[in-house]
Amino acid sequence: MIALSRPVLARRPDWATLPVLIGAAIVGAWIIVALTIHWWSPYDPVQLVGRRLMPPSAEHWLGTDALGRDVLSRTLYGVRHSLPIAALVVAVAVLIGFLLGAGAGFVGGILDAVVMRLVDVTLSFPPILLAMAVTASLGPGLRNAAIAMVIVWWPVYARLMRAQVLAMRGREHVDAAVTSGARPARVLFTHILPLCWSPIIVNASMDFGQIVLLVASLSFIGLGAVPPTPEWGQMISEGALHFYHWWIAAGPGIAILTIVLGFNFLGDALRDILDPRSR
Amino acid sequence: MARYIVRRLVAMPLLLLGVVTIAFLLSHFTQADPLTSIVGERQMNNQAVVEAARKRWGLDRSLPEQYLVYVGNLLTGDLGISFRTKQPVAYDLKLRLPATLELVVAAMLIGTAAGVALGVVAARFHDRPSDHAARLFALVGASTPVFWSGLILLYVFSVQLGWLPGPGRIDARGAAPPFVTGMYTLDSLIAGDFATFRSALSHLVLPACVLGWTMIGIVSRMVRASMLDVLGQEYVLTARAKGASELRVLLNHALRNALIPALTIIGFSFAYLITGAILTETIFAWPGVGSYAVAAARELDHPAIIGVTIVGGAAFLLANLLTDIAYALVDPRVRVGGARGS
Chain A
1 MIALSRPVLA RRPDWATLPV LIGAAIVGAW IIVALTIHWW SPYDPVQLVG RRLMPPSAEH
61 WLGTDALGRD VLSRTLYGVR HSLPIAALVV AVAVLIGFLL GAGAGFVGGI LDAVVMRLVD
121 VTLSFPPILL AMAVTASLGP GLRNAAIAMV IVWWPVYARL MRAQVLAMRG REHVDAAVTS
181 GARPARVLFT HILPLCWSPI IVNASMDFGQ IVLLVASLSF IGLGAVPPTP EWGQMISEGA
241 LHFYHWWIAA GPGIAILTIV LGFNFLGDAL RDILDPRSR
Chain B
1 MARYIVRRLV AMPLLLLGVV TIAFLLSHFT QADPLTSIVG ERQMNNQAVV EAARKRWGLD
61 RSLPEQYLVY VGNLLTGDLG ISFRTKQPVA YDLKLRLPAT LELVVAAMLI GTAAGVALGV
121 VAARFHDRPS DHAARLFALV GASTPVFWSG LILLYVFSVQ LGWLPGPGRI DARGAAPPFV
181 TGMYTLDSLI AGDFATFRSA LSHLVLPACV LGWTMIGIVS RMVRASMLDV LGQEYVLTAR
241 AKGASELRVL LNHALRNALI PALTIIGFSF AYLITGAILT ETIFAWPGVG SYAVAAAREL
301 DHPAIIGVTI VGGAAFLLAN LLTDIAYALV DPRVRVGGAR GS
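Protein chains in written order, with our numbering: chain A, 1 to 279; chain B, 1 to 342.
Just so you know, these hints were derived from the structure itself, not from any lab.
Heads up, the beta-carbon is just placed ideally off N, CA and C, and yes, glycines get one too.
There's no promise every hint is true.
Footprint (simulated), chain A over chain B, 3 or more residues, beta carbon under 8 Å [unchecked claim]: (1) 151–158; (2) 274–281.
Here are some of the chain A residues that sit facing chain B, going by a computed Cβ distance under 10 Å [said to hold, decoys possible]: (3) ALA136; (4) HIS191; (5) LEU195; (6) CYS196; (7) ALA216; (8) LEU223; (9) VAL226; (10) PRO228; (11) GLY253; (12) PHE265.
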């Protein structure tokens, strides 16, 4: 009866709201750029292809930088650094947080105590300071920046995962499985973990944008990508040196803004769908 | 209630010790030799100079020994000596802390005020154009790198329009006001020097707006959600039925209760503000802790990096603790857990 109160054949499913569509379009467009840019890039991103510091023109839509490289080409190529790094960091941080958090919640005891104290301490640092300290000690570079980001981010997922496992462990279907003689590993993997994913997914989608931002920030400071890598944060720091030639920083800035906005749109919408309480 | 607060207070020093230990270990498992930043690349071949420097900076001792010395010194407020400035890190930080505090407090005021206002507007005009516009504005703020929006705003308002001064805390010709708090706007008011006050305030506006914009999103989101909640309740209907004006209903009846859950975001926003302050200070040549941290990280100045990381961690812990306690006091349903920034 309740089902009948709504049109049976809705033209658009519930989740396909405008923010989701915009977010998906932006992120999708950037993914396509990342995959195909080497076929249609106007210029080579690291070659000197024009006069220095030329404002936007018909040949160079976003102008040229201090060395005479094409800003548009460099901006488009930049996504090949930001996107894979963000994906890698999220994947590794989720994996580590998932294993340690689920282990801590399920096994308990000393493992739980050790993991959770480590989580507490790591989360006591402001993220950027910890990331800066780690990259400063490992040495600059995108690879080390990525390692720093994983160190900053895994505790968030460990804590989430542990809370989820603890909540699910008390459910009746888990008791039923235990009484019917299922081994602990089976209980964990088939009865508990499948129910724990939605907050992890919501968080991961929200964090994607944050990670793109933080990688760019580290590069801007000089701890991430090193020249001549066409990385957005690094390009903006070059733009800051040539402050009056505003177009050098314009391209990468807009690139960061759009991709982070896209992820935030998606994450916001996902949160509304998967976690109705925060609507 | 009291037990909850006591437990949090007891955990504080332990967490701090953890922060100190991790910060210390991080800067000692480094691939780059800190000696290069002390004696300089050219002197690195000079064995005598290198040995003397190693001994002078205590780098010849074992790691546990260095750790104990460091923690011992820390208890007396000694954070070591910066390789770069050759001054005590604690002294450097003390000089620079007021500038950062001034920036962060100003940004927090702007961000909170704008966030609450936008949240109320968004909730009142739920799902209408002003709701969407408010949410978009907040989301763009959270998605824009401050080191870029700072550049753009500087270019537009300082270079093109000439309405606001460029980077720095005060006009190059002007002198800093006599030291009381170290915050130029406050100090110049205390000294009754309005010319300096105007100069300091006009320098503060841009960086504070840039930084404040980043936290509008989380504030307005929270306020909007709890306002929507409260506006649907019966006492609001009663107030409306009794003929209270719309403004009175919104501000006196609804917002008052809606602000309680919004308290939790102070801890969250603090994480944003620290991150943002470091980058904002770099763009605006703001002589605070953030630009100090960046310079230290670039030049592998380990004592300074550990010092800033520890002080930042302590400030972050304190902000989260205060948030949790404030929240527990306001809302007795919260006994354990509580929200924190990540």
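These are the hints, each one checked on the structure:
| no. | hint | in the structure |
| --- | --- | --- |
| 1 | 151–158 | holds (count 4) |
| 2 | 274–281 | holds (count 4) |
| 3 | ALA136 | holds (4 Å) |
| 4 | HIS191 | violated (25 Å) |
| 5 | LEU195 | violated (21 Å) |
| 6 | CYS196 | violated (18 Å) |
| 7 | ALA216 | holds (6 Å) |
| 8 | LEU223 | holds (6 Å) |
| 9 | VAL226 | violated (12 Å) |
| 10 | PRO228 | violated (19 Å) |
| 11 | GLY253 | holds (4 Å) |
| 12 | PHE265 | holds (7 Å) |
Hints 4, 5, 6, 9, 10 from the list above are not met by this structure, while the remaining hints are.
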